[in-house]
Amino acid sequence: MTIRIGSGSAWWGDRISPAKDNADKGRLDYLCFETMAEATISAAQVRKRRDPDFPGYDTWLDDRMKAVLPGCIENKTKIISNQGWINPNGAAERIIYWLRKMGIHGVKVAAINGSLITEDVLSLTDTILETGERTHSLEDKIVSAEVYQGAEPVVQALSKGAQIVVTGRIADPSIFAAPMMFEYGWGAGDFMQLGLANGIGHLMECGAQVTGGYFADPGLKDVPRPWDLGFPIAEVHKNGTAVITKLEGTGGVVNAMTIKEQLLYEVHDPYNYITPDVIVDFSTTCIEEIAENRVMVSGISGKPRTPTLKVSIGCEEGFIGEDMFFYAGEGALKRARLAETILRERFKIVGLKAEELRIDYLGLNAIHGDMTPEIKHEPYEVAVRVAARTATREEAMKVGREVDGMAVSGVGMTGKRVPHQDRTREIIGVWSSLVDRDKISPSIKLYES
Amino acid sequence: MLIKLVQLAHCRSGDKGNTSNISVIAYHPEFYAPIKNQLSADEFKNFYSGVIKGNVTRYSLDELQMLNFVCEGALGGGVSRSLCLDNYGKSLSSRILSFKIEINDNLEKLLQ
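Taken in order, these protein sequences are the chains called Z and B.
All residue numbers for the first sequence refer to the numbering used here, where the first residue is 1 and numbers rise by one.
All residue numbers for the second sequence refer to the numbering used here, where the first residue is 450 and numbers rise by one.
What the hints contain is simulated information worked out from the structure, not anything from laboratory work.
Where a beta carbon is used, it is the ideal one built from N, C-alpha and C, also for glycine.
Just so you know, not all the hints are guaranteed correct.
Said to hold, decoys possible - What follows is a list of derived Cβ distance ranges for each label pair:
#	chain 1	residue 1	chain 2	residue 2	range
1	B	Lys-549	Z	Ala-256	21 to 31 Å
2	B	Met-450	Z	Lys-348	50 to 60 Å
3	B	Glu-492	Z	Gly-132	27 to 37 Å
4	B	His-477	Z	Lys-353	48 to 58 Å
5	B	Asp-511	Z	Ser-17	39 to 49 Å
6	Z	Asp-140	B	His-477	46 to 56 Å
7	B	His-477	Z	Glu-74	44 to 54 Å
8	Z	Ile-375	B	Lys-558	28 to 38 Å
9	B	Asp-554	Z	Lys-353	57 to 67 Å
What the hints assert, rightly or not - Think about it this way: if two alpha-carbon atoms lie no more than 27 Å apart in a straight line, the pair counts; the simulated DSSO-like pairs of lysine-lysine are:
#	chain 1	residue 1	chain 2	residue 2
10	B	Lys-539	Z	Lys-310
11	B	Lys-494	Z	Lys-376
12	Z	Lys-160	Z	Lys-76
13	B	Lys-549	Z	Lys-376
14	B	Lys-558	Z	Lys-221
15	B	Lys-485	Z	Lys-221
16	Z	Lys-238	Z	Lys-76
17	B	Lys-465	Z	Lys-439
18	B	Lys-494	B	Lys-539
19	Z	Lys-445	Z	Lys-310
20	Z	Lys-141	B	Lys-465
21	B	Lys-494	Z	Lys-221
22	B	Lys-453	Z	Lys-376
23	Z	Lys-221	B	Lys-465
24	Z	Lys-221	B	Lys-539
25	B	Lys-465	Z	Lys-303
26	Z	Lys-348	Z	Lys-398
27	Z	Lys-48	B	Lys-465
28	B	Lys-502	Z	Lys-141
29	Z	Lys-76	Z	Lys-108
30	B	Lys-539	Z	Lys-376
31	B	Lys-465	Z	Lys-310
Let's have the full structure, built from the sequences with the hints guiding it.
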């Protein structure tokens, strides 16, 4: 027995047409969507506070669902998605709306709640993992707190007959592990199987990053038709092996190198990769290219899960002010350096209170910063980019205001962006902690179209 | 012969909070031993001087011929607090490709 699980997205901003291709042509049993970054929940809470009409789920939910629902219903493909963000019920209701509008009735949609613990986080958690300090020290700054749930509530929703499951925060690999656990009856005690399920989930969760995205390096690692990357499909066998592949006719590549790069992506200790479902051991992985764009992955193993779940705590931590301006041609770098001197003096004059100030030259040292080799050549053009981290928005705005001043009171031949984009943004710092898994109780709400 | 890592291995970086992990994956099994012997956690940290502010831990996956360097304090205080344009540090891995490794001359025919 084999089940086919396809990727529909790797993050909020991901392309939509490869998801539709997988839905229409992938002969999938499941199509899975991952749409969150570390700060997504907190950012959604901040936005909700400012704009009460914000529904609180993936802002691309309509576009994604309109693209994939017809194919998924036609092909009896179930959907598992974390697009619920801070409002899984709202997301499920919206999916019901689209199903009915398409004339599709009798489809069960489940919303999984219980991840948000903002009100109780200080009583449920103790220590900040990054600093060792008490979580209580964050008390006045907390915007949101959420638990990373595992695959179990999704499996429960599937056993209740749900064809579409939409969640809030859930560990990324669990989105893909849930169908394997449901179809093959793997439970918490089957940790070798859960190791494989979460390991394969880990390979799938970043979508095209395993099919030739975030990979090409011309002349060294070339990728066919990188403008048309297919999203991955995993064919998972009950015996604990999986083939990672993609739709025929799509661009990209699946080979041992793309699998290896993704295997360690955002992994720290590869012998102990902790998910809510299991501890994955990647060291035993076997990777075998069995045909063009077909790689067999086996041997990923697992150890019993930990008694705790990870909690993310999002905090208001001030603001960043940022802007840039430009020089080109003869003497560009000299003018950029004079502009930097002027700005630094101006920031003293206006009393900028910055926790950190950074002035970079794009194309020279803006990306690798202090480890950039000494600049020996005269560049044809330079962009000067200035950024400061501050406690208040008022202070952050001084960055843009002083760059404004560079237009008529600055250096000769200064290029500027006018109208400029929004030049301040708030910082939501994310801290981690642990909670006893027994203290978290997910709940499932079922809808029918 | 002294060869830049770019001809021996490929790499990818990922982010978690203020920690970046950078994998180094040998193009050929024969390249793995010289890389592992010469690219220690300390050498790695020195090569990222000024950017990696914390500890570097190296994990080895010998069967797969790959190393994972876990670099604490490498993301300017964390993805959301960083003032770096590349606040996720997605481009950090490319730096190590300039690191030079001594390899046996008979491996030259295998170079990428």
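Taking the hints in turn, this is what the structure says about them:
For Lys-549 (chain B) and Ala-256 (chain Z), the Cβ-Cβ distance of about 26 Å falls inside the hinted range of 21 to 31 Å, so the restraint holds. Distance hint for Met-450 (chain B) and Lys-348 (chain Z): a CB-CB separation of about 52 Å, consistent with the stated range 50 to 60 Å. Taken as a hint, the range 27 to 37 Å holds for the pair Glu-492 (chain B) and Gly-132 (chain Z), whose Cβ atoms sit roughly 29 Å apart. Between His-477 (chain B) and Lys-353 (chain Z) the beta carbon distance is about 54 Å. The supplied range of 48 to 58 Å therefore holds.
Evaluation of the 39 to 49 Å hint for Asp-511 (chain B) and Ser-17 (chain Z) yields a pass: the beta carbon distance comes to about 41 Å. For the hinted restraint 46 to 56 Å between Asp-140 (chain Z) and His-477 (chain B), the CB-CB distance of approximately 55 Å keeps it satisfied. Against the hinted window of 44 to 54 Å, the Cβ-Cβ separation of His-477 (chain B) and Glu-74 (chain Z) comes to about 46 Å, which satisfies the hint. Against the hinted window of 28 to 38 Å, the Cβ-Cβ separation of Ile-375 (chain Z) and Lys-558 (chain B) comes to about 37 Å, which satisfies the hint.
As the Cβ distance of Asp-554 (chain B) to Lys-353 (chain Z) is approximately 59 Å, the hint placing it in 57 to 67 Å holds. At roughly 24 Å between alpha-carbon atoms, Lys-539 (chain B) and Lys-310 (chain Z) fall within 27 Å of each other, so this suggested pair holds. Our distance criterion of 27 Å between C-alpha atoms is met by Lys-494 (chain B) and Lys-376 (chain Z), whose separation comes to about 24 Å. Between the alpha carbons of Lys-160 (chain Z) and Lys-76 (chain Z) the distance comes to roughly 16 Å, so the proposed pair stays at or under 27 Å and holds.
Annotation: proposed proximity of Lys-549 (chain B) to Lys-376 (chain Z) holds, straight-line Cα distance about 21 Å (limit 27 Å). At roughly 18 Å between alpha-carbon atoms, Lys-558 (chain B) and Lys-221 (chain Z) fall within 27 Å of each other, so this suggested pair holds. Taking the CA atoms of Lys-485 (chain B) and Lys-221 (chain Z), the gap is near 22 Å; set against the 27 Å cutoff, the hint holds. The straight-line distance between the Cα atoms of Lys-238 (chain Z) and Lys-76 (chain Z) is roughly 20 Å, inside the 27 Å bound, and the hint therefore holds.
For the suggested pair Lys-465 (chain B) and Lys-439 (chain Z), the alpha carbons sit about 25 Å apart, so the restraint of at most 27 Å is met. Distance check on the hinted pair: Lys-494 (chain B) and Lys-539 (chain B) sit about 17 Å apart at the alpha-carbon level, within 27 Å; holds. A hinted pair counts as satisfied when its Cα atoms are at most 27 Å apart, and Lys-445 (chain Z) with Lys-310 (chain Z) qualifies at roughly 23 Å. Only pairs whose Cα atoms come within 27 Å are accepted, and Lys-141 (chain Z) paired with Lys-465 (chain B) is accepted, the gap being roughly 21 Å.
Distance check on the hinted pair: Lys-494 (chain B) and Lys-221 (chain Z) sit about 26 Å apart at the alpha-carbon level, within 27 Å; holds. Our distance criterion of 27 Å between C-alpha atoms is met by Lys-453 (chain B) and Lys-376 (chain Z), whose separation comes to about 21 Å. The hinted pair formed by Lys-221 (chain Z) and Lys-465 (chain B) meets the criterion: a straight-line CA distance of about 26 Å does not exceed 27 Å. For the hint pairing Lys-221 (chain Z) with Lys-539 (chain B), the CA-to-CA distance comes to about 17 Å; that is within 27 Å, so the pair holds.
Of the pairs offered as hints, the one joining Lys-465 (chain B) and Lys-303 (chain Z) holds, with about 22 Å between alpha carbons and a cut-off of 27 Å not exceeded. At most 27 Å may separate the alpha-carbon atoms for a hinted pair to count; Lys-348 (chain Z) and Lys-398 (chain Z) meet this at roughly 11 Å. As the CA atoms of Lys-48 (chain Z) and Lys-465 (chain B) are separated by approximately 25 Å, the hinted pair is consistent with the 27 Å bound. Between Lys-502 (chain B) and Lys-141 (chain Z) the alpha-carbon distance is near 26 Å, which keeps this suggested pair within the 27 Å criterion.
Taking the CA atoms of Lys-76 (chain Z) and Lys-108 (chain Z), the gap is near 12 Å; set against the 27 Å cutoff, the hint holds. Straight-line distance between C-alpha atoms of Lys-539 (chain B) and Lys-376 (chain Z) comes to about 26 Å, which keeps the hinted pair within the 27 Å bound. About 13 Å separates the Cα atoms of Lys-465 (chain B) and Lys-310 (chain Z), which keeps this hinted pair within 27 Å; it holds.
The structure meets every hint from the earlier list without exception.
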